[in-house]
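Novice: Place chain L on chain S using the hints.
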Amino acid sequence: MKSKKWLPLFVFMTIVAMLVGACAPAAVATPAPTTPAQVQKETVIVPQEVEKVVTATPPPSGPVTLTFWHGYNADTETPFLEKTVIPAFEAAHPNIKVQDVNIPYDQFHQKLLTAIAGGTAPDLARLDIIWTPEFGDMGALAPLDEVMSDFATYKDAVFPGPLSTNFIGGHYYGLPLDTNTRVLVYNKDVFSAAGIENPPATVDDFLADCAKIKALGANHWCFGDGGTYAWAVDPWIWSFGGAMTSPDYTTSTGYLNGAQTVAAYQFLKDGVDKGYIHPGIKGGGVDTWGLLGKGQIAMILEGPWFPPSFKSQFPDVKYGMALMPAGQGGSISVVGGEDIAMFQQSKNKEAAAEFIRFMLSLDTQLQMATVGQMPVLTETTSSENLAKLPDYFGIFLEQLKNAQARTPVSNWTRVEQILTDAGTAILNGKGTPQANLDDAVSKIDPLLPKPAQ
Amino acid sequence: MRLRPRIFKKSPVYVALIAGALVMIFPFIWMISSSLKPNLYVIEYPPQLIPSNPSLENFLEAWNANNFQQYFRNSAFVAITSTLLSVTISAMAAYAFARFKFPGQETTFYVLLGVLMVPNIIVIVPQFFLMKFLGLRNSLWGLVLIYTATSLSLNTFLLRGFFEQLPHELEEAVLIDGGSYLTIFANVILPLSTPALATVSIFSFMGFWDEFVMALTFIDDPAKRTLPIAIALFQGQHGTQWGLVFAASLIALIPIFIFFFGLQKYFVGGLTTGAFKG
Chain S
283 MKSKKWLPLF
293 VFMTIVAMLV
303 GACAPAAVAT
313 PAPTTPAQVQ
323 KETVIVPQEV
333 EKVVTATPPP
343 SGPVTLTFWH
353 GYNADTETPF
363 LEKTVIPAFE
373 AAHPNIKVQD
383 VNIPYDQFHQ
393 KLLTAIAGGT
403 APDLARLDII
413 WTPEFGDMGA
423 LAPLDEVMSD
433 FATYKDAVFP
443 GPLSTNFIGG
453 HYYGLPLDTN
463 TRVLVYNKDV
473 FSAAGIENPP
483 ATVDDFLADC
493 AKIKALGANH
503 WCFGDGGTYA
513 WAVDPWIWSF
523 GGAMTSPDYT
533 TSTGYLNGAQ
543 TVAAYQFLKD
553 GVDKGYIHPG
563 IKGGGVDTWG
573 LLGKGQIAMI
583 LEGPWFPPSF
593 KSQFPDVKYG
603 MALMPAGQGG
613 SISVVGGEDI
623 AMFQQSKNKE
633 AAAEFIRFML
643 SLDTQLQMAT
653 VGQMPVLTET
663 TSSENLAKLP
673 DYFGIFLEQL
683 KNAQARTPVS
693 NWTRVEQILT
703 DAGTAILNGK
713 GTPQANLDDA
723 VSKIDPLLPK
733 PAQ
Chain L
57 MRLRPRIFKK
67 SPVYVALIAG
77 ALVMIFPFIW
87 MISSSLKPNL
97 YVIEYPPQLI
107 PSNPSLENFL
117 EAWNANNFQQ
127 YFRNSAFVAI
137 TSTLLSVTIS
147 AMAAYAFARF
157 KFPGQETTFY
167 VLLGVLMVPN
177 IIVIVPQFFL
187 MKFLGLRNSL
197 WGLVLIYTAT
207 SLSLNTFLLR
217 GFFEQLPHEL
227 EEAVLIDGGS
237 YLTIFANVIL
247 PLSTPALATV
257 SIFSFMGFWD
267 EFVMALTFID
277 DPAKRTLPIA
287 IALFQGQHGT
297 QWGLVFAASL
307 IALIPIFIFF
317 FGLQKYFVGG
327 LTTGAFKG
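Heads up: the sequence lines are chains S and L, in that order.
To convert, count from 1 in the first sequence and add 282; that's the numbering used here.
To convert, count from 1 in the second sequence and add 56; that's the numbering used here.
Simulated from the structure, these hints should not be mistaken for laboratory data.
Any given hint might turn out to be false.
What the hints assert, rightly or not - Not everything, but these chain L residues come out facing chain S in the computed CB check (under 10 Å): (1) Ser209; (2) Leu210; (3) Leu289; (4) Gln297.
Using N, Cα and C, we set each Cβ at its ideal position, and we do this for glycine too.
Looking at chain S on its own, in the form it has when it is part of the complex (with noise of 0.2 Å):
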């Protein structure tokens, strides 16, 4: 036959096209390093565009529509800004129309990661506050500071926490649009069934409230958490005094490995082992709010989200909400969010400059909150403010006083990974805490950014 002479070839193509194959997933999940240089390619010539833009302040002449790409969930936030929010500000500014897109949360970051590759990356994208230093790193994003003249008027009206996430490089690459925090959730009837009467203000008044409630019985459990990533971990981290990484975030020798984190741990795998903490920690995961709703787990950490969803689903449940237990270093919790940024293809930076304004501004971030989001203004907690907002914000504004950002690297995911798996194999008795934040340190040093010279 004369194909016969084909097959080794064809047999050879389909191999490699299998193998690089295999290899996709890895690529697609972190940016490869050849991503950065593509996308600087496509960027270079803007930082002279927007000098011309700034210089030109005047607003546009012509019509504008600018593109917004947001993760606000469909049933209740979505609407509200399309029905209210945008038609406020295109009201304002009749020259802007401005286009939104709702973008499944799970996909997000890969289609950011591809439209900047191919150069049809939004205007303006409401980004989860763990990606924007990866953007803003691969030279994606426009730098706010330079962009906008009145940034600094912005940058000293939100609450440091979540404005962290955007400073990279020397720049800041957005400005916080809406924050969260966990604190803690307590189930009211399994306290009372314990007797216990407050919720515990301290580690040690923690610990002590789960041997009581332990003693109700093999399936109740004191607390429970969905995993080990730094979402769960890093309040009790940060809370024992310990951290991630140095202020600077250059190295975690010493900070991930220091001994009170390795106490954090040991703090977590004791809790494992006694039955204190849900075995779905060690890397299962666990319908927390499930098992709070039928008392069989009597605290979780749980975000602004909660209260509303939560009594949908259990309006008869009682519980309550308290600022996350104290340790050596008092009570921190772990900031959420979203930043809003600006993409540096962006044609219209000035109209989308004037949408920033336009949602950070005091009125809108209090609409934004009918829906459950809370505002990044300082200004919000003022008493006046405050009685504005649902009765459940005031613990988590108190909280956000004292919360700190996730490590805001540009290789935040793979750090990440490091962290989860260290933590997963220390709940699950594969080697001490020491020798695996020891092992995890060594690996995520070289994934930090290097120190200033």
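Specialist: Only chain L this time, still in chain S's reference frame:
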């Protein structure tokens, strides 16, 4: 009285089959039951199969949610057009591969098969650039083009296997009576191949109707989105109303049901064909 021993003898088979059927249908029943529960933010364990106060609220809310009906129409347009195009083109190609001898025939066919081995996700960035170059991003016709193109190799492969086992004599008879190859294709091959065509149509339609990654990547304009994206949007970052997700998924299943049951009598015959040839 001979019936009883036979049933007795076969009963283990029935028990196994019923157990298998229950396992297969359980997620579906769970989906229906969840879709009838309003405000379901938590996946319950153990699942409660009979809702305490069932309501159709989720279905109404999903159907009337942002642009859902528009997305439904977009999906219907893309899936139906792509299925028609893909089945037509691959049937013609498969006929050529099955019946004609031409230079490079086997090679071309192997290359076509080689395409099957390349996972879609590898080529998504080049495809993205191609679509941008052609100006077909943010266009439903762009999706039709991509869907049709990516499905051709599998469909051609399946149909060629079927066409090859049709008897040559019929076609020779047509040629002797003065018919052309087009007559053979339209009046002999296609009518004889309904099982294979039905199978290929169903698989293609289901694939196009459910496709998520390419639709998400190539379409930025909310007005041009398809149904899988609308369903994914019901899953929030912090809390998901699962009742809504399941209700939306059930609505999305209706066209597949109609399509499947409409072609079912051909479909079962078609499944075995690939087993002998291809």
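Novice: Indicate, hint by hint, whether the structure satisfies it.
Specialist: Hints and how they fare:
1. Ser209: Constraint on L/Ser209 not satisfied, violated at 13 Å.
2. Leu210: 15 Å, violated
3. Leu289: Hint on L/Leu289: holds, closest Cβ of chain S at ~4 Å, below 10 Å.
4. Gln297: 6 Å, holds
Hints 1, 2 from the list above are not met by this structure, while the remaining hints are.
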